[in-house]
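Protein chains: 2
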Amino acid sequence: MISIVIIGAGNVATHLFKSLENSENFRVIQVYNRTKEHLNFFNDKVDTTSSLNDLKEAEIYILALKDDVIEAVANSLPHNKALTLHTSGATSLDALKGLERRGVLYPLQTFSKNKEVDFTEVPICIEANNPKDEDLLEQLSLEISKKVYRIDSSQRQNLHVAAVFVSNFANYMYTVGEDICKVNDIPFEILHPLMIETAEKATKIGPFAAQTGPAKRNDLEVINRHHTLLTEKQQEIYKILTKSIQDLHGKEL
Amino acid sequence: MISIVIIGAGNVATHLFKSLENSENFRVIQVYNRTKEHLNFFNDKVDTTSSLNDLKEAEIYILALKDDVIEAVANSLPHNKALTLHTSGATSLDALKGLERRGVLYPLQTFSKNKEVDFTEVPICIEANNPKDEDLLEQLSLEISKKVYRIDSSQRQNLHVAAVFVSNFANYMYTVGEDICKVNDIPFEILHPLMIETAEKATKIGPFAAQTGPAKRNDLEVINRHHTLLTEKQQEIYKILTKSIQDLHGKEL
Numbered sequence: 001m002i003s004i005v006i007i008g009a010g011n012v013a014t015h016l017f018k019s020l021e022n023s024e025n026f027r028v029i030q031v032y033n034r035t036k037e038h039l040n041f042f043n044d045k046v047d048t049t050s051s052l053n054d055l056k057e058a059e060i061y062i063l064a065l066k067d068d069v070i071e072a073v074a075n076s077l078p079h080n081k082a083l084t085l086h087t088s089g090a091t092s093l094d095a096l097k098g099l100e101r102r103g104v105l106y107p108l109q110t111f112s113k114n115k116e117v118d119f120t121e122v123p124i125c126i127e128a129n130n131p132k133d134e135d136l137l138e139q140l141s142l143e144i145s146k147k148v149y150r151i152d153s154s155q156r157q158n159l160h161v162a163a164v165f166v167s168n169f170a171n172y173m174y175t176v177g178e179d180i181c182k183v184n185d186i187p188f189e190i191l192h193p194l195m196i197e198t199a200e201k202a203t204k205i206g207p208f209a210a211q212t213g214p215a216k217r218n219d220l221e222v223i224n225r226h227h228t229l230l231t232e233k234q235q236e237i238y239k240i241l242t243k244s245i246q247d248l249h250g251k252e253l
Numbered sequence: 001m002i003s004i005v006i007i008g009a010g011n012v013a014t015h016l017f018k019s020l021e022n023s024e025n026f027r028v029i030q031v032y033n034r035t036k037e038h039l040n041f042f043n044d045k046v047d048t049t050s051s052l053n054d055l056k057e058a059e060i061y062i063l064a065l066k067d068d069v070i071e072a073v074a075n076s077l078p079h080n081k082a083l084t085l086h087t088s089g090a091t092s093l094d095a096l097k098g099l100e101r102r103g104v105l106y107p108l109q110t111f112s113k114n115k116e117v118d119f120t121e122v123p124i125c126i127e128a129n130n131p132k133d134e135d136l137l138e139q140l141s142l143e144i145s146k147k148v149y150r151i152d153s154s155q156r157q158n159l160h161v162a163a164v165f166v167s168n169f170a171n172y173m174y175t176v177g178e179d180i181c182k183v184n185d186i187p188f189e190i191l192h193p194l195m196i197e198t199a200e201k202a203t204k205i206g207p208f209a210a211q212t213g214p215a216k217r218n219d220l221e222v223i224n225r226h227h228t229l230l231t232e233k234q235q236e237i238y239k240i241l242t243k244s245i246q247d248l249h250g251k252e253l
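Protein chains in written order, with the working numbering: chain X, 1 to 253; chain R, 1 to 253.
Watch out, some of these pointers could steer you wrong.
No copy labels: a pair is met if it fits in one copy or bridges any two.
What the hints assert, rightly or not - Derived BS3-like pairs (lysine-lysine); straight-line CA-CA distance at most 30 angstroms:
| # | residue 1 | residue 2 |
| --- | --- | --- |
| 1 | K66 | K182 |
| 2 | K132 | K182 |
| 3 | K243 | K182 |
| 4 | K146 | K182 |
| 5 | K243 | K233 |
| 6 | K233 | K216 |
| 7 | K233 | K18 |
| 8 | K56 | K18 |
| 9 | K216 | K66 |
Since the hints were made in silico from the structure, they are not lab data.
Just chain X, same shape as in the assembly (with noise of 0.2 angstroms):
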C-alpha cells in the first residue's frame, strides 16, 4: 500500500479522496485541511488535521490547492523527501521547485458543488520531475481515471488557455443565449438539446468540419438582421465571431 496525505479539501481533494477510497495499492492516511471546519466531510473517513506540523509521513502527498498558495504550502511541508504533487492546470511544475521529487496530477474538468461527476472518464494530465516518479504518478492516476495523459508543463498551460476557449468561453455563449431568450420570454430549453448537440458533435466530427451558421454561409441578409436584434454589446461579440468564421472558413471556399 503506498501512503498518501492530501493537502486542501475542496472539490478536487474530496474527488481524489473518494476516487482512492476502493483502492487496492494507494491509502489517503490523512487529509489536511487550514480550516477545520471544512474537513467535516472527511472527520469520520480518516485521519485529518489543521495543522502542517501534524502531518504524517507518507510517500505522495497531493497539494489540491488555491494556485495562489501552492509554492508557500509546498515549502512548508515537514516532509520533503515524498513525491509531492498540485492538482493545477495553470501552474508550473516549478512551484514546487524547493522539493527533490516533484510532480502535476491535474484532473480537466469543470467541478461545481451542485453536480455530480464520474471522475472516471476525467482526463487527468500528469508531470514528475523524474522517470521514475512519473511511472508511481501514472500508476496512481490510473486508480483514478481511465484517461491519463503526459502532458508538461508548457503544454498544460496551453491547455488550461485552451480549456477557457471550450468550457468557460463557450459557457458564456450560453449566457447570452439564455439573456436572449429571457428578454423575449422564450423558454432556455428550447436550446438545450442544441447545445448538447453541438459539442458532441464537435468531439466526434471536429469543430471545423461542425462549423454551421450564418457567418459560415456567408449569410449577409441574416447577419445583418441579426445585428438589429442585439444590444450592444452583444454586437460587438456577434460582429467579431463571425468575423473569425468568416476569416476562417472564407478561405476554404
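Guided by the hints, dock chain R onto chain X, whose structure is given.
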C-alpha cells in the same frame, strides 16, 4: 389520414419524411425537388416530382427549403387553399403571406449529413395564422417530436440569433481550443469531456451559475499569463469575452 406534400429533399425534408413514415394520422403522399437526382432517397418510398405543376393535392404542404427561395416557391404553388408551412428559423411567417392558411414548423437543431439525430428529442417551434391550423400543426409536430413550442415570428427570430450564440459561436470556441492544442502537440480529445460536461452543466444549473474560470474569479495573474500564449486574433477574442464575464459577474460581488 391527413395528406402531406414535402417540397424540398434536404436534411430537414428527409428527417420529416422518416419521422412520418409510421404515422397513423399523417401520410406524406409526394416529395418534390427541383433537381431530380436529389430525390433518389425518396424514389422507392413515395411519389416524387421535379415539376411544381405536377404537385398533388394535399391537406398540408411543407416547404423545407433554403430561406431565400421560400417566398418564390410559396407563390408558385398550384394549390393554395391548403395549410402551407415553412421550416426556417430565420424567416417570418409573412414570407407565406400570398397564401390563405400559413404556418411555420421550425425544428431547432443543427443537422449534418455525417451525424444522426434523434428527431423525437428535437424541439419544434410552431406558428400559424389561425388557431385551428395551429392546433393541426401541433398535432403534426407531436408525431415528429416530444417537444413542441408555440413561438411567434418575432420570438423565432430572437431564438435564431440565440441559437447562433449557443451553437455556432460555442462551436467556434471549440475551434480555437483545437487550434491551441494542435500548435502545442496536445491531443484535442483531452478537452472532449470538458466540452460535454460544460454543455450539460449549463442545461442543468443554468449558464450563469455554471460560469467558472479566471475571468469569473477575476484572476488577473492567470489572465495576463494566458495573453502571452495567444495569437493576436485569439487575444482579441479572449479580451472581449473576459471583460464581458467580468462585467456580468463583477456586479454580483
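How the hints compare with the structure:
Proximity of K66 and K182 under a CA criterion of 30 angstroms is satisfied inter-copy only: 28 angstroms between copies versus 35 angstroms inside one chain copy. Taking identical chains as interchangeable, the C-alpha atoms of K132 and K182 lie at most 30 angstroms apart only when they sit on different chains, with a minimum of 28 angstroms there against 55 angstroms within one chain. For the identical chains of this complex, K243 and K182 are neighbours both inside a copy (26 angstroms) and across copies (22 angstroms), given an alpha-carbon limit of 30 angstroms. Taking identical chains as interchangeable, the C-alpha atoms of K146 and K182 lie at most 30 angstroms apart only when they sit on different chains, with a minimum of 23 angstroms there against 40 angstroms within one chain.
Proximity of K243 and K233 under a CA criterion of 30 angstroms is satisfied in both settings, with 16 angstroms inside one chain copy and 11 angstroms between copies. Taking CA atoms no more than 30 angstroms apart as the test, K233 paired with K216 passes in both settings, with 22 angstroms inside one copy and 18 angstroms between copies. In this assembly of identical chains, K233 and K18 lie within 30 angstroms of each other by CA distance neither inside one copy nor across copies; the values are 43 angstroms within and 42 angstroms between. In this assembly of identical chains, the alpha carbons of K56 and K18 lie at most 30 angstroms apart only when taken from the same copy (20 angstroms versus 65 angstroms across copies).
For the identical chains of this complex, K216 and K66 are inter-copy neighbours only, at 15 angstroms across copies versus 40 angstroms inside a copy, given an alpha-carbon limit of 30 angstroms.
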